[in-house]
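Student: Just need the whole structure built from these sequences, with the hints factored in.
First to last, the sequence lines map onto chains A and B.
The first sequence: position 159 = 1403 (this note's numbering), numbered continuously.
The second sequence: position 379 = 380 (this note's numbering), numbered continuously.
Hints are computed from structural coordinates only; laboratory data are not their basis.
Cβ atoms here follow ideal geometry from the backbone N, Cα and C, with glycine treated the same way.
Certain hints may be false.
What the hints assert, rightly or not - What follows is a set of in silico ranges between Cβ atoms, one per label pair, in the way DEER data are often shown:
id : chain 1 : residue 1 : chain 2 : residue 2 : range
1  : A       : Val1291   : B       : Ala203    : 53 to 59 Å
2  : A       : Ser1424   : B       : Ala203    : 54 to 60 Å
3  : A       : Phe1599   : B       : Arg207    : 41 to 47 Å
Unchecked claim - Straight-line C-alpha distance at most 20 Å; calculated SDA-like pairs for lysine to any residue:
id : chain 1 : residue 1 : chain 2 : residue 2
4  : A       : Lys1675   : A       : Thr1685
5  : B       : Lys112    : A       : Val1665
6  : B       : Lys169    : A       : Asp1680
7  : B       : Lys30     : A       : Ala1539
8  : A       : Lys1613   : B       : Lys169
9  : B       : Lys112    : A       : Ala1539
10 : A       : Lys1675   : B       : Lys30
11 : A       : Lys1675   : B       : Arg113
12 : B       : Lys169    : A       : Tyr1668
13 : A       : Lys1613   : B       : Leu176
14 : B       : Lys169    : A       : Val1665
15 : A       : Lys1608   : B       : Leu176
16 : B       : Lys30     : A       : Val1665
17 : B       : Lys30     : A       : Arg1612
18 : B       : Lys169    : A       : Arg1612
19 : A       : Lys1675   : B       : Val374
20 : A       : Lys1675   : B       : Leu172
21 : A       : Lys1613   : B       : Leu172
22 : B       : Lys112    : A       : Arg1612
23 : B       : Lys112    : B       : Val374
24 : A       : Lys1613   : B       : Asp29
25 : A       : Lys1608   : B       : Gly160
26 : A       : Lys1281   : A       : Phe1298
27 : B       : Lys112    : A       : Tyr1668
Said to hold, decoys possible - Listed below are several chain A residues computed to face chain B (Cβ distance under 10 Å; list not exhaustive):
id : residue
28 : Asp1278
29 : Gly1598
30 : Ala1611
31 : Asp1717
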Amino acid sequence: MEAVVTNFGMQAAAAEIFLLTAICVILLVDVFLDDSKRWLTYGLTMVTLAGCAFVTWHYSVDSRVTAFDGMFIADPMGDVLKLFTYGTVAVSLLYSREYLQRHGLFRGEFFILALVAMLGVMVMVSAGSLLTVYLGVELLSLSLYAMVAFDRDSGVAAESAMKYFVLGAIASGCLLYGFSILYGVAGTLQLDELAVAVREVGAGNLGLIFGLTFVIVGIAFKFGAVPFHMWVPDVYHGAPTPVTLFIGSAPKIASFVLAIRVLAEGLDAMVASWQHMLIAIAVASMIVGNVVAIAQTNLKRMLAYSTISHVGFILLGILAGTTDGYRASMFYTLTYVIMSVGSFGMILLLSREGFEGDQLEDFKGLARKSPWFAAVMMMLMFSTAGVPPFVGFWAKLAVLGAVVNVGLSWLAAVSVLLSVVAAYYYLRIIKLMYFDEPSDTYSIEAGGTLRAVLSANGVAVLALGIFPSVLLDLCARVLP
Amino acid sequence: MSTITWPILSVLMWLPIAGGVAMILLGDKSIALGRWVALITTAVTFGISTLLWTNFDTTTAAMQFVEERTWIPFFNSYYALGVDGFAMPLIVLTAFITPLVVIAGWSVIDKRPAQYYAAFLILEGLMIGVFSALDALLFYVLWEAMLIPMFIIIGIWGGPRRVYATIKFFLYTFLGSVLMLVSLIYMYLQTCDAGQCSYAIAEFQRLPLGLNEQLFIFVAFLAAFAVKVPMWPVHTWLPDAHVEAPTGGSVILAAIMLKMGGYGFLRFSLPITPDASDTLDWLVISLSLIGVVYIGFVALVQNDMKKLIAYSSIAHMGFVTLGSFLTFELMRVNSGDTTGAAMGIDGAMVQMISHGLISGAMFFCVGVLYDRVHSREISAYGGVVNTMPIFAAFMVLFGMANSGLPATSGFVGEFLVILASFRADFWYAFLAGLTLILGAAYTLWLVKRVVFGPVANHHVAELTDVNGRELLVLGVLALAVLGLGLWPAPLLDVMRPTVENLVQQITVSKL
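Tutor: Okay, here's the thing in C-alpha cells:
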C-alpha cells in the first residue's frame, strides 16, 4: 500500500510548506503596517487558513503516503484532522477579534504565533518518526507559552505563562528522555520500524517499559491529564480568553494525534503496558476534573477542570487499544473541540469594555437578556455533560462502547457515574441563565460575526447530535 | 390490519416538536396567537392518536405502524418506531393529557408563556417517541432528552424551592439511567458476537444471556426504572419535584413520565432478563409492597396537598410494579400455568392508564385552588364546597377514584392486581389490600378537610367557582375516569395479545 512519493515528498507536505511560506510573508507584511491597518494581518491570516484548506484538500490522499525517508506521513486521518484544525483556528480567531481589539492585543504577533502553533499541530499530525513528533510538540508548545504571556501588562498571565513554561519544559524533557530510551533499545526513531523492533525485542523488555513510562508522562502532560494537570486551571484562568480558547481547541487535536502516532502506531505491541497506565490516568482525570470543577466560581477555571475530565474520556478510547477505540477517541476529540470553542466563545460574547464575563455569576439571567444565546449556551452545556440529543452524548457512547468491548465494563460504569457528577456543574450554569434574575442591565455588545459564528456553533452541536453519522462515518473512514 | 400507510408515529412525535419550535420562534409578543398554535397542535396530535386506536389490530402482539430507516450506521442504530398493546394506550394517554395541560395554563401562565408551551409541546413529542421507539438507542436518547424540558419547566415556572427540586430531579433520574446505558452497550456488543450488531429491542429480547449477565443487566434496568416509577426507597425526588412544579408540570410528571418506569419494566426488564426477574422478583415485590403500605402512611400525615398526591402516586405506582412482577410467583404457585399470570400485568397496565387520568385530575384540582388562593397548605382551605360547588363535586369524584371506588378507573387496576396477588400469596394480597383502606383514608381525609366543613377563612369565602376552561378540563377527565371504570374492556382487549405474548416470552428461560 505504501508509496514513496518522488520529488522528496513535497506534495505530502504541501500544506505545511505553504503555511510556513505564508507565515513568513505575513511576518514581513505586518512589519510595515501601523495599528490602523492591522486588519490586513488578520485578513491575510484568514486567507492563509483558507489556502491551507485548499492545499490539503487538493493533495489529500486515499491511503497512507510516507515522505522524507519516512519522517513524514500523509494519511486520510491526517488530512481530516488538519482540515478540522484550520476550521477551529479560523473560528477561534473570529471569536477573538473584538476582544483582542478591545484589550490592545490585536497585534500581528498574535496571528503569527497562532499560525506557528498550528504548524506545530500539523507537523505532529503528520509525524512519521519520534523526532518529527518532538519537533511538532516544541513548535506548538513554545508558541503557546508566548501566547499565554501575550498580554504583557497582566501579572496573572505572566505568572501562568511562567508556570506553563517550566512545567511544559519538564514534560518535553520527559518525552524526549523516553524517546531516547526507546531509540536506545529499538535502534530506530521511525515509528513503523519501531513497531517492528518492539516485537523483536519483546514488549516485556524492561528498557522499553522504562522508556514508555516517560513517554506516557509527556503525553499525559500535553493532554493535561491527572496527575500532570496542575498547569491546566492556572493557564486557562490566567491567559487572555482568546488564548484560552485557542489552547482549548487545536492543541487537543495535537495531543490526540500524539497518543495515536506514538502509542497506537509505534508502540502498539506494548498495549498491555500502556493500557494499565492510561486506565489509572483516565480514572484519576475523571475523578479530579469532575469533583474539583464543582467548587469553581470562575467559568474559565471550571471549564479547565471539565477539560481534564474530558481528557479522561478521550483516553478511554485510546486505552481500549482497538480501531473502534481510536475512532471513538477521534470522534470525542473533534466533538470536544467543537463544544470547547463554543463555550469559550460564549465568554467572549459576554465580555465588553472592563468586563471579562468569565465569572459564573456573569451568566445570571442571560435567558432574559438574550434568549437565543442562553439557548446556545444551554445546548453547549448539555452537550458537554453528555446529555442526548446533543453530540457530546454520542462521543461518550462511542468511547464507552470501545471500553466495554475490551472487557472493561467496570471502567464504563465508573465513568458514567462520574459523568453524573459532571452534570451537576453544567446544570448550575443553566440554572444561573434560566432560573435566576439578571443582576445587571447590560446587554450583549458583541458584533455580528461573533454572533453568527457562535449561533452556528450552537446549532452544530444539536444538528450533529441528531445526525451524528456525518462525523462518525468520517472518523470510521479515515481510521480503517 | 392497519390501513394507515403514512408514517403516523413519526407525525405524532414530530408534530408537537415542530409546534414547540414554532412557539419559540413566535415569542412572547404574539402569545395570543401562540396559545392557539399550542392548542391546535396538541389537539391535532390527539386526533391523530385516536387513529392509532381505531386502526389498531387487536389480534396480534406484533409491532404495528412500524417505520424503520437507517439512522447511525456506526452503531447499527435505526430510527425504528412501532407500537404494541403496551405502547399504544400510553401514547393515546400522552396525547390526551397534553392539550388539557395547555388549556389549564391558558390564562394562568404569564411569565415567558411562549417558552412554557414550547417546553410542553417538545416534551410531548419526546414522550410519544419514548413509547414508540423500537431501537434501544433511540429509546435512550429520547428518554434522556425528555429530562431537559421538564428540568426547564420546573426550574422556571416552579415554586420557591424550584431550583433545588429540579436539579434533584435531573440528577436523580440521570444517575438512574446511565447504568442502563452501559447495559445497553453491553447487550449491543453481545449481539455483535452473535453475528449481527443491533440495538433493536426485539434483538435484545431474543439474546441468550447467562444468569450473572442477566442479574447485572436487571439491576442496571432496575436503577433506571425504579427511579422513574418511583419505587421506595428511591422516590425522594418525586415529592420535591411535584410540589415545586407548576400545575402542568405536575400533571405531565404524574400522568405520563412515571409511566415510563412501568413501561420500561414491561418492555425491557421482563422480556430481556426473564431469569434475573424470576430470581429477584421478591426484591421488586417487597419494595412495591413497602411502597404501597409505608408510603400510604406517609401520605396520611402530609400538610401540603401536592405532596399528599405525590405520595399517593408513589403508592399507586407500587401496584404497577407489583402487578408486573407477580407473574413469576403466580407461575410458581400454579406450576407453570400462565392463564392467571397475565392478570397481574393486565392490572399493572390498567393501573398505569387509570393513574395517569386520576393523578392528573387531582393535580388539576389542586391547581384550580392554587390559582385562586396561592397556597397548597391543606389548612389554608376548608368548606370550599360552599363557594365552589361544581368544583367540589369534581374533587369528590376524583378523590373517590383515587381511593379505588368501584365504577371508577382506579378500581379496575387495583382490583386486578389484588386478585392476582391473592392467587400468589395471601399476605401479598393482604398488604396490597391495605391500600384500599389507606388510600381511602388519606384521600377522603384530604377531601374532607379541603372541601367540606364550614368556610375556613376569607380566602375561601371569596372563591369563585370553576370557569368554563377549568370545567372543560375537569369534565373531560371525569368522563374518562368514569368511562374506563365502567367499561374497561376495550383497553383490556387492546392489550390482551401483547400481555399474553409477554407472559409466553418470560416463561421461556434464556439459560
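Student: Would you mind marking each hint as holding or not holding in the structure?
Tutor: How the hints compare with the structure:
{"no.": "1", "hint": "A:Val1291 with B:Ala203: 53 to 59 Å", "verdict": "55 Å, holds"}
{"no.": "2", "hint": "A:Ser1424 with B:Ala203: 54 to 60 Å", "verdict": "57 Å, holds"}
{"no.": "3", "hint": "A:Phe1599 with B:Arg207: 41 to 47 Å", "verdict": "60 Å, violated"}
{"no.": "4", "hint": "A:Lys1675 with A:Thr1685", "verdict": "19 Å, holds"}
{"no.": "5", "hint": "B:Lys112 with A:Val1665", "verdict": "31 Å, violated"}
{"no.": "6", "hint": "B:Lys169 with A:Asp1680", "verdict": "17 Å, holds"}
{"no.": "7", "hint": "B:Lys30 with A:Ala1539", "verdict": "39 Å, violated"}
{"no.": "8", "hint": "A:Lys1613 with B:Lys169", "verdict": "27 Å, violated"}
{"no.": "9", "hint": "B:Lys112 with A:Ala1539", "verdict": "32 Å, violated"}
{"no.": "10", "hint": "A:Lys1675 with B:Lys30", "verdict": "24 Å, violated"}
{"no.": "11", "hint": "A:Lys1675 with B:Arg113", "verdict": "16 Å, holds"}
{"no.": "12", "hint": "B:Lys169 with A:Tyr1668", "verdict": "9 Å, holds"}
{"no.": "13", "hint": "A:Lys1613 with B:Leu176", "verdict": "32 Å, violated"}
{"no.": "14", "hint": "B:Lys169 with A:Val1665", "verdict": "12 Å, holds"}
{"no.": "15", "hint": "A:Lys1608 with B:Leu176", "verdict": "27 Å, violated"}
{"no.": "16", "hint": "B:Lys30 with A:Val1665", "verdict": "38 Å, violated"}
{"no.": "17", "hint": "B:Lys30 with A:Arg1612", "verdict": "14 Å, holds"}
{"no.": "18", "hint": "B:Lys169 with A:Arg1612", "verdict": "24 Å, violated"}
{"no.": "19", "hint": "A:Lys1675 with B:Val374", "verdict": "28 Å, violated"}
{"no.": "20", "hint": "A:Lys1675 with B:Leu172", "verdict": "13 Å, holds"}
{"no.": "21", "hint": "A:Lys1613 with B:Leu172", "verdict": "27 Å, violated"}
{"no.": "22", "hint": "B:Lys112 with A:Arg1612", "verdict": "11 Å, holds"}
{"no.": "23", "hint": "B:Lys112 with B:Val374", "verdict": "18 Å, holds"}
{"no.": "24", "hint": "A:Lys1613 with B:Asp29", "verdict": "14 Å, holds"}
{"no.": "25", "hint": "A:Lys1608 with B:Gly160", "verdict": "19 Å, holds"}
{"no.": "26", "hint": "A:Lys1281 with A:Phe1298", "verdict": "26 Å, violated"}
{"no.": "27", "hint": "B:Lys112 with A:Tyr1668", "verdict": "26 Å, violated"}
{"no.": "28", "hint": "Asp1278", "verdict": "46 Å, violated"}
{"no.": "29", "hint": "Gly1598", "verdict": "30 Å, violated"}
{"no.": "30", "hint": "Ala1611", "verdict": "8 Å, holds"}
{"no.": "31", "hint": "Asp1717", "verdict": "6 Å, holds"}
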